[in-house]
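The listed protein sequences correspond, in order, to chains W and C. Going by numbering that gives the first Met the number 0, 255 is the number at position 256 of the first sequence; the sequence numbering is gapless. Going by numbering that gives the first Met the number 0, 283 is the number at position 284 of the second sequence; the sequence numbering is gapless.
Derived from the structure by calculation, the hints contain no laboratory data. Since the structure is predicted, the reported quantities are computational estimates derived from the model, not experimental observations. Careful, some of the hints might be misleading.
Heads up, the list lumps identical chains together, so a pair's fine if it works in one copy or across two of them.
Cross-link-like lysine-lysine pairs, in silico, DSSO-like; alpha carbons within 30 Å at most [stated by the list, open to error]:
| hint | residue 1 | residue 2 |
| --- | --- | --- |
| 1 | Lys168 | Lys37 |
| 2 | Lys37 | Lys203 |
| 3 | Lys37 | Lys82 |
| 4 | Lys214 | Lys225 |
| 5 | Lys205 | Lys168 |
| 6 | Lys149 | Lys214 |
| 7 | Lys225 | Lys306 |
| 8 | Lys306 | Lys82 |
| 9 | Lys149 | Lys205 |
| 10 | Lys37 | Lys225 |
Number of protein chains: 2
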Amino acid sequence: MLRTLTSASVALGPRVAGWVRTMASHQLLVTPPEALLKPLSVPSRLLLGPGPSNLAPRVLAAGGLQMIGHMHKEMFQIMDEIKQGIQYVFQTRNRLTLAISGSGHCALEAALFNLLEPGDSFLVGVNGIWGQRAAEIGERIGARTHSMIKDPGGHYTKQEVEEGLAQHKPVLLFLTQGESSSGVLQPLDGYGELCHRNKIYTRKTKPYSFYLDMKWLANFWGCDDKPRMYHHTTPVISLFSLRESLALIAEEGLENSWRRHREVTAYLHGRLQGLGLQLFVKDPALRLPTVTTIAVPAGYDWRDIVKYLIDHFSIEITGGLGPSLGKVLRIGLLGYNATRENVDRVIEALQEALQHCPRNKL
Amino acid sequence: MLRTLTSASVALGPRVAGWVRTMASHQLLVTPPEALLKPLSVPSRLLLGPGPSNLAPRVLAAGGLQMIGHMHKEMFQIMDEIKQGIQYVFQTRNRLTLAISGSGHCALEAALFNLLEPGDSFLVGVNGIWGQRAAEIGERIGARTHSMIKDPGGHYTKQEVEEGLAQHKPVLLFLTQGESSSGVLQPLDGYGELCHRNKIYTRKTKPYSFYLDMKWLANFWGCDDKPRMYHHTTPVISLFSLRESLALIAEEGLENSWRRHREVTAYLHGRLQGLGLQLFVKDPALRLPTVTTIAVPAGYDWRDIVKYLIDHFSIEITGGLGPSLGKVLRIGLLGYNATRENVDRVIEALQEALQHCPRNKL
Numbered sequence: 000m001l002r003t004l005t006s007a008s009v010a011l012g013p014r015v016a017g018w019v020r021t022m023a024s025h026q027l028l029v030t031p032p033e034a035l036l037k038p039l040s041v042p043s044r045l046l047l048g049p050g051p052s053n054l055a056p057r058v059l060a061a062g063g064l065q066m067i068g069h070m071h072k073e074m075f076q077i078m079d080e081i082k083q084g085i086q087y088v089f090q091t092r093n094r095l096t097l098a099i100s101g102s103g104h105c106a107l108e109a110a111l112f113n114l115l116e117p118g119d120s121f122l123v124g125v126n127g128i129w130g131q132r133a134a135e136i137g138e139r140i141g142a143r144t145h146s147m148i149k150d151p152g153g154h155y156t157k158q159e160v161e162e163g164l165a166q167h168k169p170v171l172l173f174l175t176q177g178e179s180s181s182g183v184l185q186p187l188d189g190y191g192e193l194c195h196r197n198k199i200y201t202r203k204t205k206p207y208s209f210y211l212d213m214k215w216l217a218n219f220w221g222c223d224d225k226p227r228m229y230h231h232t233t234p235v236i237s238l239f240s241l242r243e244s245l246a247l248i249a250e251e252g253l254e255n256s257w258r259r260h261r262e263v264t265a266y267l268h269g270r271l272q273g274l275g276l277q278l279f280v281k282d283p284a285l286r287l288p289t290v291t292t293i294a295v296p297a298g299y300d301w302r303d304i305v306k307y308l309i310d311h312f313s314i315e316i317t318g319g320l321g322p323s324l325g326k327v328l329r330i331g332l333l334g335y336n337a338t339r340e341n342v343d344r345v346i347e348a349l350q351e352a353l354q355h356c357p358r359n360k361l
Numbered sequence: 000m001l002r003t004l005t006s007a008s009v010a011l012g013p014r015v016a017g018w019v020r021t022m023a024s025h026q027l028l029v030t031p032p033e034a035l036l037k038p039l040s041v042p043s044r045l046l047l048g049p050g051p052s053n054l055a056p057r058v059l060a061a062g063g064l065q066m067i068g069h070m071h072k073e074m075f076q077i078m079d080e081i082k083q084g085i086q087y088v089f090q091t092r093n094r095l096t097l098a099i100s101g102s103g104h105c106a107l108e109a110a111l112f113n114l115l116e117p118g119d120s121f122l123v124g125v126n127g128i129w130g131q132r133a134a135e136i137g138e139r140i141g142a143r144t145h146s147m148i149k150d151p152g153g154h155y156t157k158q159e160v161e162e163g164l165a166q167h168k169p170v171l172l173f174l175t176q177g178e179s180s181s182g183v184l185q186p187l188d189g190y191g192e193l194c195h196r197n198k199i200y201t202r203k204t205k206p207y208s209f210y211l212d213m214k215w216l217a218n219f220w221g222c223d224d225k226p227r228m229y230h231h232t233t234p235v236i237s238l239f240s241l242r243e244s245l246a247l248i249a250e251e252g253l254e255n256s257w258r259r260h261r262e263v264t265a266y267l268h269g270r271l272q273g274l275g276l277q278l279f280v281k282d283p284a285l286r287l288p289t290v291t292t293i294a295v296p297a298g299y300d301w302r303d304i305v306k307y308l309i310d311h312f313s314i315e316i317t318g319g320l321g322p323s324l325g326k327v328l329r330i331g332l333l334g335y336n337a338t339r340e341n342v343d344r345v346i347e348a349l350q351e352a353l354q355h356c357p358r359n360k361l
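So here's chain W without its partners, still in its complex pose:
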């Protein structure tokens, strides 16, 4: 765990010399922080935002297991199982399947760092925060980034995408399938035929990032025919938890999991409409089966409602993000949290919030 701190000394530069001097003279400049001498306290919350969500007991248990080496044969076995689990969840037989040692943003950067070179044409659908972020990363890489901008809640038709491809002839097309900031499910059926290229092994320059270089990662994850070489120290215990998350999906079955999410979210939509609330995405076919966006009800400040739920019910729901900020409330029913019981809990809480939060404040 403390590995992460290693390189802070690089960033802090001259401070290191100070530390070494201190070590020599045995006189501490900074005393032990009071706050760290108290026990860790973590509240119990029902997380019904767009993520993170609560973890199943089996995933929690994996998080409490003791460490093993990142290159032990048992770890490579667990990584192989993770690869198979991802292939199952994404329904792919692509050999280049792996997990990234970082957050979703990091995985997004990994994809763009490896697929784009400076000067490449990059076409991005920007209808929410994820498209915004992809465009920003493309610009940092030095790609010629072309944004197709829509208001939050918008999506792209196949004709619009075809026109963009014809005009900009991009190396890479970026569309957000699950735009969690606006609740939109982007249709992608038939888009595969529009895109044919595997860029990673034909690029002329190395990606800027060594940490996220897909050739190194592919080798370390056993996706090529060469012996595995040390690349970076993977987050061993997080990989235990990821393995267990994937095992839960394998046990439930993907179709059952999809059906559960669709049914529970449909139940939520009915209950929300029963409260007189309006769904932000009008066309039911374009609504995400995981994150639901609700138009902020007239006269209310969205912050009051979010605060009421967390203060009185210890339930998290959230407002918008990026372009959808101030326009929506968001409720996520994800994985372990996608149950009718949780819908009943959040509806009861919302009902009380609508009665008690000030109206006509705005």
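Model the placement of chain C on the given structure of chain W, informed by the hints.
Using the frame of chain W, we list chain C on its own:
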């Protein structure tokens, strides 16, 4: 946890369309993997390599706690405590103190991405794998990277560094304080005066990485005067564990922790010499107080010894890494594992290995 997978759909490109088609037709291409239908099995190991090492029970317990939101006020409090803990461990009052959501390599990239721009002069001491990696990242960024190359086990004198600075006038100097691949402790006393610049807020271009952009990270970690803005979804549970790791150091006291590592490692050195083994770093002042390198004893294959220990004692020690591969065996006594009992265990195991492993094989 499954967030990490989000962007795999970006990397896999056309596969997504296949997935969506499958979803529509309810016919799965890939069936649930057999291996994931079996329980997770993790062996019990004493990890005496250069890291990872075993975790204290309190750190393990934190890893099993339930999730909270990455922007809940309790999480910001925990992040503030982590900052204070890092400031204590590094003996700094630098406000720009934070943890990176990734491995040590990721933190190294964060430092270099933020401190270097294309065309900048970058001076690197390469006396082991970490200098090699820093030079490689500098080259990827497009910095004019000047390597001062030494054999593994070497270190840099202040005069050598001053000459390098005069010749190359670098924006950034990189030296590895704890070269864990060779076991060398680089003296840094007085080097702070050679370096005076804070580059981050004066650079002309944006760093290539958004995920590791220090201005965004500094804001999200509350290191500036602006309200915290969403940047990326931090690894909440890993931060619980990091908080507990730092709390253990605060409770023990930094001086006591330093003393424990020095004393236990000195005890190891004595016991190793008692077995007739040679330490790889000749000058005691240049030996790391955490990771010890042993010259591979004449006639043995280092792989046999490492394998014997893990097969017969479930103890991990490792060979070299990068330039030190084949030259050394490495034993780490880090944090929770830095005890005399563990030294006794590894010495007993080594003694038996030296008796049973084939000699004169090479």
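Worksheet entry | Non-conforming hints, listed in increasing numerical order | 1 and 2
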